[in-house]
Structures are given as C-alpha cells and as structure tokens.
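Novice: Input sequences plus hints: build the corresponding full structure.
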Amino acid sequence: MAQGALPEVWVLVAHREGSVRKITYELLGTARGLAGEGRVVAVLLGGGVEDPARIFGQRGADEVMVIDDPRLTQYTTEGYAAALAALASEHTPALLLIGSTAQGRDLAPRLAARLGAAIVTDCQTLALEGGELVATRPMYTRKAIGTVRLAQGRPWIAVVLPAVFPVPEESDRSVEVREASLPAEVRIRTRVVETRAIERETVPLTEADVIVSGGRGLRGPENFALLDALARALEAAVGSSRPPVDSGWVPHDYEIGQTGKTVSPQVYIACGISGAPQHLAGMSGSKFIVAINKDPNAPIFQLADLGVVGDLFEILPRLTEAVKKRKAAG
Amino acid sequence: MNVIVCIKQVPDTEAPIRIRAGGGIDETGLNLVMNYYDEHATEAALRLREQFGGTVTVVAVGPERTREALRQALAMGADEATLLRDPALDAADHLQVARALAAFIRSRTPDAVICGKLSTDDNAAVVGAALAELLDLPQATAIAKLELDAGAGHATVHRELEGALEILEVPLPALFTVERSLNEPRYPSLPGIMKAKRKEIAVLDLAALGLSANELGPAGATLTGLATPPGRTAGIQVNGADPDAAVEAIVTFLGDRAKVL
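Sequence lines, in order, name chains A and B. Taking this note's numbering, I'd label the letters of the first sequence as residues 21 to 350. Taking this note's numbering, I'd label the letters of the second sequence as residues 831 to 1091.
Accuracy of the hints is not assured; some may be wrong.
[Claimed, not checked] Within a straight-line C-alpha distance of at most 30 Å, the following computed DSS-like cross-link-like pairs (lysine-lysine) qualify:
hint: 1; chain 1: A; residue 1: K345; chain 2: A; residue 2: K307
hint: 2; chain 1: A; residue 1: K345; chain 2: B; residue 2: K975
hint: 3; chain 1: A; residue 1: K347; chain 2: B; residue 2: K1089
hint: 4; chain 1: A; residue 1: K42; chain 2: A; residue 2: K344
hint: 5; chain 1: B; residue 1: K975; chain 2: A; residue 2: K42
hint: 6; chain 1: A; residue 1: K42; chain 2: A; residue 2: K314
hint: 7; chain 1: A; residue 1: K281; chain 2: A; residue 2: K42
hint: 8; chain 1: A; residue 1: K345; chain 2: A; residue 2: K314
hint: 9; chain 1: A; residue 1: K281; chain 2: A; residue 2: K314
hint: 10; chain 1: B; residue 1: K1089; chain 2: A; residue 2: K314
hint: 11; chain 1: A; residue 1: K344; chain 2: A; residue 2: K314
hint: 12; chain 1: B; residue 1: K1089; chain 2: A; residue 2: K42
hint: 13; chain 1: A; residue 1: K42; chain 2: A; residue 2: K347
hint: 14; chain 1: A; residue 1: K307; chain 2: B; residue 2: K975
hint: 15; chain 1: A; residue 1: K345; chain 2: A; residue 2: K42
hint: 16; chain 1: A; residue 1: K281; chain 2: B; residue 2: K1027
hint: 17; chain 1: A; residue 1: K344; chain 2: A; residue 2: K281
hint: 18; chain 1: A; residue 1: K307; chain 2: A; residue 2: K281
hint: 19; chain 1: B; residue 1: K1089; chain 2: A; residue 2: K344
hint: 20; chain 1: A; residue 1: K307; chain 2: A; residue 2: K347
hint: 21; chain 1: B; residue 1: K1029; chain 2: A; residue 2: K281
hint: 22; chain 1: A; residue 1: K307; chain 2: A; residue 2: K344
hint: 23; chain 1: A; residue 1: K314; chain 2: A; residue 2: K347
Treat the hints as calculated values from the structure; they're not laboratory data. Keep in mind it's a predicted model, so treat the numbers as computed, not measured.
Specialist: Listed below in structure tokens is the structure:
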C-alpha cells in the first residue's frame, strides 16, 4: 500500500548531442507518482537542449535545474558525479531517479558511494511504503523478481529500466528554470577521445517499440538483411540472440540476453531464435512476443503470444511487403 | 603492472532458481560458478601481466564456498587469492561490499582494478563504480576494448553507449569493469589446476581489514523478498506451411493486438 509522498524527487535528464532520451520522460512520470503534490525537478547537466522549461514542464516537472558548464558538455563520470553531489548536498532531494543507460549505470553507483546514498538498480516498479522506497527488479537472469527496500541513506538513488514506465501525457505547461553552477575545482581524469555514432542504430534497442531479432536460424550474416528490411518497414530496431554474435555475423551490440542488452519493447519479433534461458533473460519483459521458428518444439513458443511454425526465409520477405502495404494504406 | 580482480561466485545462469519459502534461494544442488563477467575480468588482468609483467591478485567477498571461484581464477593463472569473509558481510548491500573491497585494495597499490560489468545473480552493476569512488580512482565501465600504454601511464578503452561507441583515455591507476566482448577467457590448464590446488587462499575478516562496523556503514538497501516472475504462457500458434496465411496472422496480430501497425 502506498503511503504518503516524497517532498522532492529529482530526475536526471539523459541527453546526448541535444536530443533527450525517452527514459527522461518516463522518469518524470514516475517521479510525479512518487512526489504527489511535492516537487519534481528535472536536472539538466550540460547545455545544448532546446527549450528545457517547456519540454520538461510538459511532462510533469515543476522546475528545471540546469548547470550549463563547458566541463559538462560531454558526459564524464567525474564531472557528472561532482555536479550532482554538489546539487544534492545543497538541496537535499529525497530521491534521485536515473535512467538505466550506459551513462546512468556508470554514474549512479559512483554518486551513491560519494554521497553514502542507498542505491537500487534495474527498477521496474517503485513505490513508497511506511516511509521506505520499495523497488522490484529482475534478478537471477529474470528467473526471480526481487523486492528491495531503501530506508536509510538519503538521497535514495534508483536506477530505472527504460521502456517500463509510460511517458506521461503532454500538458501545456512551461516551468521555472533555475541555473546552478559547477564547483570551481572539479577533477575530471578521463578524457573523451571520441564518440562515434553507430549509424545503423536509428532507434536504440533499449528504447525501440518494436524489435526484430534473429538467431542461429538465420544461418548466416547475409540473411540479417531480411531483418533489416522488416525493421525499416516497421520502424523497428534489429537485435540478435547470442549465437550470431559468437559466430561473428553481427557485432556484440546487437546482442539481447543475459550477456547482452535487456529490452522490453511493445513487440519483440524473434526470428530463428530457439529461446535459450540466456536469451529469454533479456527479452521476456517484452509486452508481446512473436516467434517464427521452424522447430515446433523450440522453447520460445512457450512464451510467444503468437508463434509461427514455419520457414522464416519464406515468411520474412512476404511479411515486409505486407507491412509496407498496410502502412501505405494508412 | 599489478592488477587486482574482484570476483563473485554466483549460480550458473543455466540452472533453475528455486525460491525458499523464507526468502532467498535454495542452494541445494545448485551449481555455483565464478560470475561470467569476472572470467573476462580475470582474462583481461592475465593479458596485462603477460604484456607488462607484474602480478594478478583476485579477491572476493562471500561465504566459505566462494573459495571455489577463487580457485578457478587461480587455475586460470592468477598469482594470489584472498577471500573477505565476515558474518557482518552476509547481508551486506553493494556499498558495504565495495567498502570491504576498498579496505583490502587500499592495502596494496595496484595499477589497475578490474571487475565484471555486473554479476549475473543480482544484476546490480553497483560494486565496480562504487569501488572506484571509494578508492578515488578514475573509472571506465562496461569496456569492450582495453589498450594500455604503460609508458604514457594511461589506458584507451571503448565503451558501447546506446547508438554510439565511446573512446576514453583513462590515466592509471584506474578501475575498469568489463563487457563480455572484451576478450575470450582462457580455460584453466591441467597444470594450472594442479598449481591452483596447492595455493593458499588468504581469508580476512573485517577486523583483519581494519574496517570497523562504523566504517562499513549501514545497509541502505535490503533485499526483502524474492518471487517467481509471472509466467508467460503460449498464445496462438499458427502453422506456417502456408507462408501467406502466416503473414496475414502476423500482420493482424501486430495491428489488432500489439497496435504497432
């Protein structure tokens, strides 16, 4: 049973090169749920985001706190940790929400150790019970759901899985922007040499609504073109199970599963994937699962909402055409 | 190049997990192994030793059974192993574990500390970066490539971001957590296994680490429950012998049920 609310909840804005990640809006919705009538603050480190007062206000922030400092233009662990530690000790938020992105996972534990803050990661639900924060999170390769309670150690830090919470409805609201500054002395020891965009990833796997994923059944790297074509038609991202990565057909960043990414899209289309526990650990949180496999006994069928026992080489090209036709028809 | 690798013993990811009525998991008959990512961390350390000389020390926090995982790291080629074992660590949260590891590592002066990017039991990915902070070391997490320039005293690493690759230069000493694409861990050789059997595994409790209960800090995060996830059940199954009929079923599903078309 949820009791009470938190007086002030902060959301760290996840952004890169001016574009704000969807997880930020998901977190603003979650923050509002936990803060009730309390304050929700979007914390924006580094500049380059246009009109933050409007875009975060629309999604439920009461305030945007900005540190626009050249030392924060590029994410560095130490730069971000110093900024948040300084802000948190000045303003004492009850809870800081950070998205589970590569940067969020890099930052949150370091910040927690600096602040002596209690931390929970991979959250898929968050609630307040008896003055404690109660989070649930997948554990043991999604074979169990753990409940973690944070009591002491404020501000609490919760790292939240993407695509689990809905993006709140847009409201017509613009809010106050408060400028803050980074301490004069900040030691940033790592140097970002380069950030190289991966061109094919138009939608990051962890944020995609639809994922088309391939396994051993694709038989070779060239057949990933079938998935690419379907993905383009569906505006989806392309992933894989582990065997295509181990065989060198696709790079490691395609991999979904225990040793790769965890995803929870609206629809996961598994093509030629048998459904090893290792893979299921990364995708069984998908809202809907469609599986195409020629082996009727493939374990993936035990959790597929729609299972198609058939030849993906026959089905995929036809499916791509049918999707295009349906999209063209509006 | 002296490297310390932090490892953990976890259930084999292929093993079924049975949840005990009173909480926690039933370890009876459960195959416990060295965390998968820690094999990659150990491998990375061994390669640094091969390239630059020095020693590889492995350390773990855990109960007595954790010796087996340390033994495996020794069999892979690590020089020495230490188990941090104390009743106060049995229900430790991640920050407390990091504080215990930090107390041990501070007594050495490693050029690098390497951890797996996460452990496959609780999946938290907290100890590595927390440890970097406690040791006041620069960090690079979930690295997919590591090149070390001992002369210049820095490492160049690759990290996978969402939709991008990040290349960082990190001055040594530093802490790294590693992704599985970093390397292919070696199998322990037979002589390696024999040699590992003869090696002493040092055991230190908090007193031996010089860490008071106060310095260990409170457990801010407590695991209070474990549940079996809601099972997914098989939905509709379609025979795809007729590909056009199968395609129609999929398109209808994507449109009407999943609402993405």
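Novice: All hints, please: hold or fail.
Specialist: So, going through the hints one by one against the coordinates:
1. A/K345 - A/K307: With Cα atoms ~25 Å apart, A/K345 and A/K307 stay inside 30 Å; holds.
2. A/K345 - B/K975: It is violated: about 43 Å lies between the C-alpha atoms, which goes past 30 Å.
3. A/K347 - B/K1089: Between A/K347 and B/K1089 the Cα gap is close to 12 Å, so the pair holds against 30 Å.
4. A/K42 - A/K344: Answer holds: A/K42 to A/K344 is near 26 Å, not above 30 Å.
5. B/K975 - A/K42: Distance of about 28 Å is within 30 Å: holds.
6. A/K42 - A/K314: 36 Å, violated
7. A/K281 - A/K42: 17 Å, holds
8. A/K345 - A/K314: 26 Å, holds
9. A/K281 - A/K314: Satisfied, since the Cα-Cα distance of roughly 25 Å is no more than 30 Å.
10. B/K1089 - A/K314: 26 Å, holds
11. A/K344 - A/K314: Satisfied, since the Cα-Cα distance of roughly 24 Å is no more than 30 Å.
12. B/K1089 - A/K42: 20 Å, holds
13. A/K42 - A/K347: Measuring from Cα to Cα gives roughly 24 Å; hence the hint holds.
14. A/K307 - B/K975: Given that 30 Å is the threshold and the Cα spacing comes to 34 Å, the pair is violated.
15. A/K345 - A/K42: 29 Å, holds
16. A/K281 - B/K1027: Given pair A/K281, B/K1027 is violated - Cα atoms ~36 Å apart, limit 30 Å.
17. A/K344 - A/K281: 28 Å, holds
18. A/K307 - A/K281: Status holds; Cα separation ~16 Å.
19. B/K1089 - A/K344: Distance of about 15 Å is within 30 Å: holds.
20. A/K307 - A/K347: With Cα atoms ~22 Å apart, A/K307 and A/K347 stay inside 30 Å; holds.
21. B/K1029 - A/K281: 37 Å, violated
22. A/K307 - A/K344: Given that 30 Å is the threshold and the Cα spacing comes to 23 Å, the pair holds.
23. A/K314 - A/K347: 27 Å, holds
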